[in-house]
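*Asks:* Below, each chain spelled out in residue letters.
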Amino acid sequence: GQQVMQIPQYQHVQEGEDFTTYCNSSTTLSNIQWYKQRPGGHPVFLIQLVKSGEVKKQKRLTFQFGEAKKNSSLHITATQTTDVGTYFCAEIIQGAQKLVFGQGTRLTINP
Amino acid sequence: GAGVSQSPSNKVTEKGKDVELRCDPISGHTALYWYRQSLGQGLEFLIYFQGNSAPDKSGLPSDRFSAERTGGSVSTLTIQRTQQEDSAVYLCASSWRGVEQFFGPGTRLTVL
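Going down the list, the sequences are from chains W and C.
Take the first sequence: its position 16, counted from the start at 1, is 16 in our numbering, and no numbers get skipped.
Take the second sequence: its position 104, counted from the start at 1, is 104 in our numbering, and no numbers get skipped.
Looking at chain C on its own, in the form it has when it is part of the complex (with noise of 0.2 Å):
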């Protein structure tokens, strides 16, 4: 593929709803990552896919959050009962050898 590609690119819900954001990698990167970021803040390390297996969990914010992956490409971050705190843009990225990460486009979560 081009690059790494997320869906949606915008996604609005009301609080307390759940959520899930998509993430396409780049064909044959194995490495998989998901990051946030807060409107004019840093990026955020959320979970890190090796495989379909995720040896590194410690990022995630709390136990709402979750994250899959499957058949070695696509992942879904999963977000119940959201809280306005969550509104962040969600980016994902991929790497073949653990050096450059390819960042998509992220989608722009906002609760209401």
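Bound conformation, chain W alone (with noise of 0.2 Å):
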């Protein structure tokens, strides 16, 4: 079945350095989501990207969707400590209607 990759799966830093998680699929994906979940908190939608090559930009966040739509990334630039939390990737399966999460990447930061 379809299977979102996602890497790393914790990353720990220093506030004010830079943080990067990754999404990858073997097949190509329709759209990629993005959501962030707070400690004990529940997902939140950040973003959806659909067209190759895209890449939004939310602040210290950015977005990118592969030329291939087989991979994503997210990039917060100097992190600060309200960025702590898990960021998911997920894909809707057109049709199906459901979000296929990717593991999560647990961000951690030291102030």
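Calculated from the structure, these hints are not laboratory results.
Errors might be hidden in some of the hints.
Below, computed lysine to aspartate or glutamate pairings styled on EDC-like, alpha-carbon distance capped at 20 Å [stated by the list, open to error]:
#	chain 1	residue 1	chain 2	residue 2
1	W	Lys56	C	Glu100
2	W	Lys36	C	Glu100
3	W	Lys36	C	Glu44
With the hints in hand, could you dock these two chains into one complex?
*Replies:* Now the structure itself:
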């Protein structure tokens, strides 16, 4: 079945350092969504990417969708303690209308 | 409504008992989803409703799990004869046009 692999599983950085998480698929993705889950919280939608090579920015967050639509990345510039949480990528399986999530990258930050 | 709500927030039950988990989606959202998240793990898709029908039940782990949705609104997820491996956070999400899913706070189920 469809599977989205996400790396790294964990990342610890000093506040102010950059952070990147990657999602990879062996098959072409129709789209990719990114969610953030704070500790003890629920996933919150960040963005959806649909087009090949798409790049979107939200303040310090940059989202990319690969040219072949088989990978995606989320990059955070100059992390802040509010960025702590687990970042998930997910693909909506068209027709089935379900999200298939990556395993998530848990980000911790040393202030 | 303000957002997706779920009840109870916590449920502790004994192995073998049945449990019912409830989800109230955002008003007007036609799509409703159930996911399960085990401790420190990712999210596992369980079932999806479009209106009151569930076109995709492929994620339900076993026949002990069932779900229904009435009036295109509230949904209940029922787990019969609970087992310890059912312990997890059960998350509900709703969506209007199938793009952004809005998640509820979840129900933490503990089976002793």
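*Asks:* Please go over all the hints and tell whether each is borne out by the structure.
*Replies:* Structure-based check of all given hints:
Among the hinted pairs, W:Lys56 with C:Glu100 is consistent with the structure: their alpha-carbon atoms are about 16 Å apart, no more than 20 Å. A threshold of 20 Å between alpha carbons decides the hint, and for W:Lys36 with C:Glu100 the separation of about 13 Å falls inside it, so the pair holds. A C-alpha spacing of about 16 Å is found between W:Lys36 and C:Glu44, which places the hinted pair at or below 20 Å, so the restraint holds.
Comparing the model with each earlier hint shows no violations; every hint is respected.
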